[in-house]
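Chains A and B are the protein sequences, given in the same order.
Under full-length UniProt numbering, the residues of the first sequence are numbered 1 to 281, in order.
Under full-length UniProt numbering, the residues of the second sequence are numbered 1 to 281, in order.
Derived from the structure by calculation, the hints contain no laboratory data.
Be aware that a few hints might be false.
As the list claims (entries may be wrong) - Below, a list of computed lysine-lysine pairs in the DSSO-like style, where the Cα atoms sit at most 30 Å apart:
(1) B:Lys252 x A:Lys254
(2) A:Lys218 x B:Lys223
(3) A:Lys218 x B:Lys117
(4) B:Lys223 x A:Lys265
(5) A:Lys128 x B:Lys117
(6) B:Lys143 x A:Lys203
(7) B:Lys271 x B:Lys180
(8) A:Lys118 x B:Lys4
(9) A:Lys143 x B:Lys20
(10) B:Lys252 x A:Lys223
(11) A:Lys117 x B:Lys197
Number of protein chains: 2
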Amino acid sequence: MRTKIAIQGIKGSFHHQVAKDYFYQNVAVDECLSFEELVDSLLRGDSDQAVMAIENSIAGPIIPNYALIDKNNLHIIGEHYLDIIQNLMALPGQKIEDIQEVHSHPMALLQCMDFLKKYPNIKLVEDKDTAETARRIHENQIKGIAAIASETAADMYNLEIIAPSIQTIDNNMTRFVILKKENSFVSEDEINRASIKFELDHKRGSLAAVLNVMSDCKLNLTKIQSLPKIETPWKYSFFVDVTFEKYEDYAKAKALVSIMAHYFKVLGEYKNTKPLLESPN
Amino acid sequence: MRTKIAIQGIKGSFHHQVAKDYFYQNVAVDECLSFEELVDSLLRGDSDQAVMAIENSIAGPIIPNYALIDKNNLHIIGEHYLDIIQNLMALPGQKIEDIQEVHSHPMALLQCMDFLKKYPNIKLVEDKDTAETARRIHENQIKGIAAIASETAADMYNLEIIAPSIQTIDNNMTRFVILKKENSFVSEDEINRASIKFELDHKRGSLAAVLNVMSDCKLNLTKIQSLPKIETPWKYSFFVDVTFEKYEDYAKAKALVSIMAHYFKVLGEYKNTKPLLESPN
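Next up, chain A with everything else stripped away, as it sits in the complex (with noise of 0.2 Å):
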């Protein structure tokens, strides 16, 4: 059987776009209409891997979709980054003084808002998906709408880029994650990555207290948030990615930081791909 691949949007979304770069060029898809039909998709077999947005260098992370992960115990098994270029496009032969509306997901107007707001006479509306404004302007023939989305949707339906490449910030990297319903067995060589999860008790310093350990045991933080407990508001949870060179040391780190914790849980070991784009300070 054909693997298949759960994306949120339809084909010529980002995340098409990572499923193909992630897997092989013409690999099958899920279109999905939303981060928890992705999850349904998955959890009901319909799917066997599943393609998520995770966080975007620009507008940070994308809080509810770690909850949708933790919630249904699903396991990080990849990720995958991509560089977003956004593009205004409209009916071939449409001038962007023949735009009134642009729609868009809100994640992509807000990427493009310095653009945006050049023209002020253009109403933005928040939709569902990139791609799929892009593939109604085609089907329908709708003019005076334009939409944002990526170059491939333009090829997929036939629409013209007004203006290329009109995101604010040029370096616009998101973080896909890879999800698997079971763990996949990866071998510890291999990883050098790991997202966690754990709650404190409300003493003062406890969380210092944890980042000494992860620190002693030579793991990299690369990321750290709090997140309130569901159920028990103003409760925190945090959510940290980590990376290491051992393995080993990661196991302790683990194995020291489950006993200081209330609640600890691994959502996935997996290998870090992360281009690097660091400066070296």
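Let chain A serve as the given structure and place chain B on it in line with the hints.
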């Protein structure tokens, strides 16, 4: 001149409710259709203060709003907590069987997902604002579409509540901050809470060192979040909220951390009005 308060959304929105609770019942409001507009209203001087949702006890922090406060150098001068009760409402006489679509803000849809999942035939449509959908249904006498909004919105736009209190988690609290363009003078005696931002170099253990200092200075960390540094992908800033008993303890921590960090900024020093919901562990 009468004080004008910028709110996100129209009258009947949860932001309007907070403005009424925090200031006074018939406060003059400037209705802003996005958080960007809310900030612009403050910067232009169209309003004196603004109410901005910053964190929800279920969905977590509203990340782009942190960036808006930071980028525009706004000052947090207070906070307010509101218990969010969501209701399904439609034109009088409409029943749940008559409803084909529910329109609301993505956060509201998310908060009511368990209820909405019981009606898989009802299409969910994301909208800008909870109250605005209610107003549109009323003004255009739209049948077959329901809104999810506050009881105030139902009263204000003459809609009937089909299903009250449909949020999944009963204890659904949102934290709002009160913003000003210029800082207000507040007596140090009244301050027991601060929101700060700092950047650290990528050295292992640097965050643990800062948290140790905070703990030594008797600061309680109520929230921590790493956020990407705009224009420098995957370099992180930290947004931290703390509470304290004595301003002098906080002042000491502030002096130390501003030396340890590459960059240090106070987003606001104010009075903690947090309801006492935490269990004493």
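Has the given pair, Lys252 of chain B with Lys223 of chain A, been kept, meaning a C-alpha gap of at most 30 Å?
holds (27 Å)
Has the given pair, Lys143 of chain B with Lys203 of chain A, been kept, meaning a C-alpha gap of at most 30 Å?
violated (53 Å)
Can the restraint linking Lys128 of chain A and Lys117 of chain B be considered satisfied, given a maximum Cα separation of 30 Å?
holds (18 Å)
Does Lys223 of chain B pair with Lys265 of chain A here, judged by a C-alpha cut-off of 30 Å?
Holds, because 20 Å separates the two Cα atoms, which is no more than 30 Å.
Below or equal to 30 Å on CA atoms is what counts here, so check Lys252 of chain B against Lys254 of chain A.
Distance of about 34 Å is beyond 30 Å: violated.
Between Lys218 of chain A and Lys223 of chain B, does the CA-CA distance stay at or below 30 Å?
holds (25 Å)
Does Lys4 of chain B lie within 30 Å of Lys118 of chain A when you go C-alpha to C-alpha?
Holds: Lys118 of chain A and Lys4 of chain B sit about 28 Å apart, inside 30 Å.
Hint check: Lys271 of chain B vs Lys180 of chain B, CA-CA at most 30 Å. Holds or violated?
holds (15 Å)
Agreement of Lys143 of chain A and Lys20 of chain B with the hint, judged by alpha carbon distance not exceeding 30 Å
Roughly 43 Å between the alpha carbons, so the hint for Lys143 of chain A and Lys20 of chain B is violated.
Compare the distance between the alpha carbons of Lys218 of chain A and Lys117 of chain B with 30 Å, and conclude whether the hinted pair is satisfied.
violated (45 Å)
Given the proposed pairing of Lys117 of chain A with Lys197 of chain B, does the C-alpha separation stay at or below 30 Å?
Holds: Lys117 of chain A and Lys197 of chain B sit about 27 Å apart, inside 30 Å.
Going down the numbered hints, you'll see the structure goes against 1, 3, 6 and 9, while the others check out.
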